[in-house]
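Each of the two chains sits in its own frame; use the hints to bring them together as a complex.
The residues making up each chain are set out below.
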Amino acid sequence: MNILDRYHAMEYGPAPEARNEADAWLAARDFGKALFIGGDWKAASGGKTFETSEPSSGKLLAKISDANAVDIDAAVAAATKALPKWSAASGYQRAKVLYAIGRAMQRHQRLFAVLETIDNGKPIRESRDIDVPLAIRHFIHHAGWAQALDKDFPGHKGVGVVGQIIPWNFPLLMLAWKIAPALAAGCTVVLKPAEFTPLTSILFAEICERAGVPKGVVNIVQGGPEAGGAIVNHPGIQKIAFTGSSEVGKIIRKATAGSGKKLSLELGGKSAFIVFEDADLDSAVEGLVDGIWFNQGQVCCAGSRLLVQEGIADALIAKVKTRMSRLRVGSPLDKNTDIGPLVDATQLERVKGLVAEGARQGAVCWQPDAALPSSGYYHLPTLATGVSPANILAQEEVFGPVLATMTFRNTEEAIELANNTRYGLAASVWSENVNLALHVAPQLKAGVVWVNGTNMFDAACGFGGYRESGFGREGGREGMFEYLAAKLPLGQIIKPATTSAQPVEQADGSAIDRTAKLFIGGKQVRPDGNYSLAVATAKGKLAGEVGLGSRKDIRDAVSAARACRGWPEATAYNRSQVLYYLAENLSGRAAEFAARLTELTGASAKAAREEVEQSIERLFLYAGLADKFEGRVHQPPARAVTLALHEPVGVVGIVAPDSSPLLGLISLVAPALAMGNTVVAVPSERYPLLATDLYQVIEYSDVPSGAINIVTGRSAELAGVLAKHDDVDGLWVFADAETCAQAEAESIGNLKRIWSGNGRGLDWASDEAAGDAFLRRAVEVKNVWVPYGD
Amino acid sequence: MSSTIREADIGSSKVTPLPARAAANTAVPPDHRIARNPGMKLDLGFMESVRSVNRSALERRVASLTKRRSIKADNQAAWLLRAVACMDLTTLNSNDTEERVRRLCAKAINPFRRDIVEGLGISGETIRPAAVCVYHPFVTTAVDAVRGAGIHVAAVSTAFPHGLAPLSTRLQEIEASVRDGADEIDVVIPRGLVFGAKWRELYNEIVSMRAACGDAHLKVILGTGDLATLRNVMLASMVAMMAGADFIKTSTGKESVNATLPVGLAMVRAIRAYFEETGYLIGFKPAGGISTAKASLDWLVLMKEELGRPWLEPDLFRFGASSLLTDIERQLEHHLTGHYSANHRHAMA
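If you read the sequences in order, they're chains A and B. Taken in order, the first sequence gives residues 258 to 1047; the numbers are from the working numbering. Taken in order, the second sequence gives residues 12 to 360; the numbers are from the working numbering.
Chain B with its partners taken away, still in its complex shape (with noise of 0.2 Å):
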């Protein structure tokens, strides 16, 4: 099932396999078979069709959508490994140190204690998180420490979090994290240029990044919590898929506002509406504030209820996050057991 579930359910897929990229670890995962967006040219055309996004429906939608869905036992114990499996595992702070990173990338490698992999009966299967997320100069860290383990690094690159240095500096990041080895890049954009409508210029800039990326899938942060209406999220979310976008993503986490149900929903709606007019799938990424179990089931329902199962898969979808992990052990801990769990009976990252 894992390597055959690649075409979307909604409508006829007009996606055209392309040849496996190469992720800078060798384990690449057998089923990346997602057709590459290549973007497509500035249609505001397009964009003026799919600005009508009305708050309230959206906020009435999840709001319900949370209700009418619920995950229960072994299926709830599946889900929340399949979190896992779609989590950029992510440290983003000031006071990083490479220490520090290789002990994400070994809470990556090592997810799960020994006794909860044997009660689940899934030590026939790897289930990590995706990749792991670090600033720049951390990278060269995390591609060693995670180097055979199937885990993509990605670095944010471009002055993140506000993305306001030179654009010609911001591209120089990007190449050097990818000299690096990284191989996938998060960017943030200037949300100043959504304020100003000035899509052209958030286009060309993006334009530029994908090609910066080179093989290294691009997402794009839009810094949704800065940019103060779902309209804008859309209009935002379109401009970076045309210009090339193989992930859209939420928030760098430090945001005041991280990544609510709302702008996910508008967002996941644009890649629907992306798909529909180009048959590109294009991937999501909703980070910072995601930090329960019962959070992450949230956001897995709004993929599969609007968009489909592709959307289940980690080239398709992933987390970013950084304290999920200890919380997903914690109620896996407790479906074994029936005992709720402590932090600290897991290990940290």
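This is chain A alone, in the form it adopts within the complex (with noise of 0.2 Å):
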């Protein structure tokens, strides 16, 4: 073709990127020894080797050292090793390392981009305007953080060696997220990238031996599976760190429950895209080739859910099709491929597989008449519409490039449809006009609502999902919260309930019998199963019988809980009002608790006396601190405002402890209502009756039906029940070991949020048992972008 031709044609054309560097450094690399630990390149000791291809062509790259537990041991002792000395260097120490990280991958980061262009296959434009400088930003921001930590983290320390595993859709950018706040808290750190996309983490290794990464600070292992099982098993490990399927998070959740280990799960998604009639069609266009045509669809918070308002639907589809007809799909090192290959032959068969299934179950799936190239692993940008919320495509994460579509008729409905899934990490939300936008941006349940806009990302705002899309959060302040452990005040070990005699005794027999009920949905009402619990007092004798709460009464008290809108929604000032009153009415009866107290523990009148009043202050100041523990604004470098806002968790199972038994439910339950949270508590199960008196003052005190539930019974039974139960957002239990292991344990179903004492108590009687530590368990952290300009 001359040049007549071409000016012509006026078509782009090849504009290869050179990738004679990577191919040279490439070259120069001994990938049997890419086991990077405690600063050493070591050979797996099983000898054994796994290989990384190109996806776009299939060709093998590289053969690489595969762990097994032996060289995770070896990883964890060399981390373990580094700590004492990282964990105690200065923040500003600290900060001169992740700066030098940062300013060198800037050197370098050419070839990070076309290392992981080769290795990922997502387009040159992506890695390079998008991975590589987030990437950049992650550690130059964190470098900040390092040298505040004292300041802005006060009574916190790093939570020590860390476990990281990331993905293979983001390989460097989930390496920075998960390596720089680790290394600002002052952890240490075992990474295991994932088996397709090991090359930019050895080229990250490599910058950290230029700088001046203490040796062990940082430890790469490359693996598949064993490795990772190790990783997540090693006892030698405090926190683990995972972004991946939310299968393999809730095997994690299982096999780290009763370990101890903090955790955060970053999983996946299917989320919602929502232009409401109001919305610059265009821009929403535009911002779904941002969605869900960004790394081939291949990315846990791509907009796969496209819900848009019956009247303009037609003319966004038309408007989609047009666009998606220009995407170019082709060499993922071509600077103008819009799409790449997908990672891998077994990814591009399941996602062909749920294309399939999806058209069989009614979607019309819609392609652009594109060729694709001859080889490698390619998808064409694929359209699906008429997708009911029961098809495969609307429920099932595709991570590809597949967009599922249906329509709503009102905000509501539009609501109701982003919320119909089991995930819960990302929304966009389309309209012009910001009092809608900020109007629905709250009600969505996900991690992140970007208004007008999709897949922006900062390291100052944090990242992560609400429900089975996983908990803690990347990023920013609460991201650093994910790598500290707060130092609260430990109790006793907590020895599992036994079963002692019942007592038969009355202790006094004058009084008129009195019937303690459950208290559910805002009414006393007997237990289901009909059954009592005798509770004795200190001196054995018979003080009274509660409820026997059984999984039906948790079943009832959990509907009433999720079913009462008045406490979430309330007014954080109204709520705040609401616990000072039954602060005030608490204390109108302190004599009859504190006798009650000694009644049933033994404890002295003045140390009864103590609790009682503790409570009340306690009380007083979770509702002073109602409508003080905000969120923030960021300002990312965008025109953009980025609202953390602090949304409660939701339905919160609370399982008090025995020792000091309204004390200690009242230190658990005033945090979570003050947050918005709706309760069923499970109170102590030697002295319930402090808890059922408890309810009579609550009745008076103005407290929606249904904030407060109330079930007696056995503790480990009940805690059991409500970890398995789906419809219950967050679960505190302060029980013994075994039974908080197993709440860890069973709580996979929805991934609901764990806090458990590990088989401890706190001391409730401390001023540390209070405060900030607990109204952050009792908070979802939202971040909702709102980028601006007119």
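In case anyone wonders, no lab produced these hints; they're calculated from the structure. One or more hints might be untrue.
Said to hold, decoys possible - Below, computed lysine to aspartate or glutamate pairings styled on DMTMM-like, alpha-carbon distance capped at 20 Å: (1) A/Lys592 with B/Asp309; (2) B/Lys83 with A/Glu268; (3) A/Lys774 with A/Glu849; (4) A/Lys578 with B/Asp309; (5) B/Lys305 with A/Glu268; (6) A/Lys780 with B/Asp309; (7) B/Lys78 with A/Glu849.
To be verified - Some but not every residue of chain A turned toward chain B, in silico, with C-beta under 7 Å: (8) Tyr269; (9) Glu452; (10) Asp539; (11) Glu689; (12) Asn692; (13) Gly748; (14) Arg896; (15) Pro1044; (16) Asp1047.
Ideal Cβ positions, reconstructed from N, Cα and C, are used throughout, including at glycine.
Listed below in structure tokens is the structure:
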């Protein structure tokens, strides 16, 4: 073709990114010694390797050391050895290292980008303009956190040695999200990249060598499931951070149950992309390109469910199709490529299978008329219309360039459809009406909401999910907490409850018989099973009987808690006043509660008075904090504000301890209520009468029905029921170790947020058993991105 | 190819072919087959449906657009030639003289050094700016100078650059320019009508300007740098097209902010919406501040991505530019020799 032909054709033609530097880098490495442990490059002790190949051609790139459990032991040992010095280093020293990493990455950013594209298949534009700059930004941002640690996180210290397992879709970026906050917090790291994409992590390890990262602070072990399993189960690791599928996330949750390991999970999603009739439709279409056709749709927060208002549906779909036909599918190293290959043949088969199944279930699947390259794992961008909520394409995370579309009639239905999913990672809301957008954003069950945008990320703004998209946040202040441990005042080891002989002798025969009931939905109700549990006084006599709550009572209590909208939707000021009023009313009956404490626990009159007084004080504290533990406003390096909102977790189960039976219960229930959660409380198994006395106070304190529900009974059994209930969003368990471990293991049905004392209580009377550490457990941080400009 | 690509590739074209318009100069390019926009009644409801323009989203789109497409080697040379073919080579200075205008026209007729033409192998086709653009007093000079070269003569009329003369005066200026031989008239809108949302008045003014143009093509300059919001840009674009504009144009070059890509994106989306509504293809002319070869490629990419191949022809796309041509020549020389060139190695306009 001569220039005149090209002048008439006006095609882009190929614009290949040079790969010679990357190829030279590949050729110069011994990937048989690819384990970076304690600052040395090691071969896998088992001598095994795995292959990494190029998705655009299927060609072998390298054979990489495949770590086994012995190698993980060595890495953990190296990290453990490096920990004391690194965690004791000044914030400034750690900041300098993080800064050096960021700058060194900047100096090699094109090599990173080209390697990433070769290994993963993502278009070079994305690795060059998005992945690598964001990764660099993460390190430079976290250099600041390292130095600000003492000031901004008083009473916290680094959690220790952390194990991190990352996926193949954003290999370098996920590495940065994991390593930067860990190093800033003073942790040392054992990180395992995905088998499909080891290369940039190896280059990163080389950068660490040159940037002055002390040996053993960063260990990068290449490997597969065996290495991953060894990390998850390693007793020398204090925290696991995982990004990947919900399926594997659940396995990790179960495997770490009872281990005391801190855990953060960033999992799958089926994020809604909601377009209202007053949206800038052309821009919404570009949003979809950035949403579902970014990285071939292999993005956990991909806007894979398009919800469009009926009146504009046809117009929008027409625009989407036109835009899709301009997407260029081709070599990822070509600068003009919009869509590269999927990462692997298995992924391609999976996506094809889901599309076929979606079509079988009634979706109309449309693809632009474009040729695919002859080799490589390519999949055309696909639009599925007429997708019912029951269709597999609406339910399952496809992790491919497939957009499922459905329509809605009004705002309420849009929200309902958006939330009709087990996931809760992200959502986009498109409307030119800021009133509408900011009305909808808080109602979406998603950790990130983009208004008139999509897939916007920044190191200062937390990222993470609700529901089965995992828990924990990455980035920003909340991300730092994931690598820090609060110094809470530990209490005694809790022994399993033993069924003691039932007391028979009435303690005080003169009073009129009283029946303590369960408190569900604002009403005193008898237990479903109609059995009772005798409660003994400290002297072994019969103090009374309480209902023996069962799984059905928990079911009813959770329903009541879920149905209660008056509490989560109340203003913080309103909640504050109710909690004050509760304190006021408890104060009016202080003597009675103190007497009950003495009767049941044998506490001295003075100690009992003090516990009641402290309980009132704690209610007062949380009443006052209800409107103060607020979110933040971030200003990312874009013309946008990001509102980090504190939202209630939802329905929170609380299994309260026997020690300090009133104060312990209130110390847990009050912060949960203060943040707008509704609560299903299982009070102390031995001293439940304090809770049944308390519901009388609750009844006349203007607490909306269902905000607090109390189910007495066997703590271990009821904790298990709560753990397995998939409509419970959070569960706090202060019980014996086995009950805690079991609750953690059984929480995987819906990946509820678990806070367990791991078999230990807290010193509830301590002033430190209150405050932000509790409130933080009571909220989800939702980051709402609001770009602006007119 | 040059004479057949005349159907929009967005949706089904409702274009009715009209006879080729008569250019002031004789050698009309054979491919002017765009059905001329007859305009439509002022439809405020339609305007309401397009008023949602989200600035930050448009800014993000143009930021990634120019990174999503890269044009290399021979394609780059071809695209730069295209930029020249879509150029209104312009001089609009208060110190313009007839001689200056003649020099500009000479450059338009002979835009490239002979060795560049031969090196690129393009001597088989005449590639030169589509028009020269001058103030009204120089129209006759320009018409004489480009006669027979197939170059249109565009006049900025209507009290350029502010448009604040009485309407009758402005219409007379158009008529005078047309009489003198200008076949393209670049008019400015009084920006105050946009701020006052006086759409009817604006519409009526443009309708009468179109009538005054007769067969000459009407390019409506919005003065986007003055319009403050992209929503205003969108709405003003729509009014101009409804009133019968053949082209909508960003700037006079005299506002403090010239043609920017976000503004361009809003305008090309307006063109697309108008096309989808009426089936008529409206031209687009960014002007002011486009002075580098790289920038011209960005604009061409914008047109191709948002509107498609038909908008890479001079009857639907023009750059208003003065120094751009020299930078393109330098790039073309570099393409041939591998040496970076200097301005003084290329004949000035």
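Taking the hints in turn, this is what the structure says about them:
1. For the hint pairing lysine 592 of chain A with aspartate 309 of chain B, the CA-to-CA distance comes to about 14 Å; that is within 20 Å, so the pair holds.
2. Between the alpha carbons of lysine 83 of chain B and glutamate 268 of chain A the distance comes to roughly 11 Å, so the proposed pair stays at or under 20 Å and holds.
3. For the hint linking lysine 774 of chain A to glutamate 849 of chain A, the alpha-carbon distance of about 19 Å falls within 20 Å, and the restraint holds.
4. Taking the CA atoms of lysine 578 of chain A and aspartate 309 of chain B, the gap is about 24 Å. The hint is violated against a cut of 20 Å.
5. About 17 Å separates the Cα atoms of lysine 305 of chain B and glutamate 268 of chain A, which keeps this hinted pair within 20 Å; it holds.
6. With a C-alpha separation of about 68 Å, the suggested pairing of lysine 780 of chain A with aspartate 309 of chain B is violated against the 20 Å cut-off.
7. This hinted pair does not check out: lysine 78 of chain B and glutamate 849 of chain A have alpha carbons roughly 73 Å apart, beyond 20 Å.
8. A distance limit of 7 Å between C-beta atoms decides the matter here; for tyrosine 269 of chain A the minimum to chain B is near 6 Å, and the interface restraint holds.
9. Hint on glutamate 452 of chain A is violated. Least Cβ distance to chain B is approximately 30 Å, over the 7 Å limit.
10. Checking aspartate 539 of chain A against chain B by beta carbon gives a least distance of about 5 Å; that is within 7 Å, so the hint holds.
11. Because the closest C-beta pair between glutamate 689 of chain A and chain B is about 4 Å apart, less than 7 Å, the hint holds.
12. Because the closest C-beta pair between asparagine 692 of chain A and chain B is about 14 Å apart, greater than 7 Å, the hint is violated.
13. The criterion of a C-beta within 7 Å of any C-beta in chain B is not met by glycine 748 of chain A, whose closest approach is roughly 51 Å, and the hint is violated.
14. The criterion of a C-beta within 7 Å of any C-beta in chain B is met by arginine 896 of chain A, whose closest approach is roughly 6 Å, and the hint holds.
15. Given the 7 Å rule on beta carbons, the hint for proline 1044 of chain A holds: about 4 Å separates it from the nearest Cβ of chain B.
16. For the restraint placing aspartate 1047 of chain A at the interface with chain B, the shortest Cβ-Cβ distance is roughly 5 Å, inside the 7 Å limit, so the hint holds.
This entry does not satisfy hints 4, 6, 7, 9, 12 and 13, going by the numbered hints stated previously.
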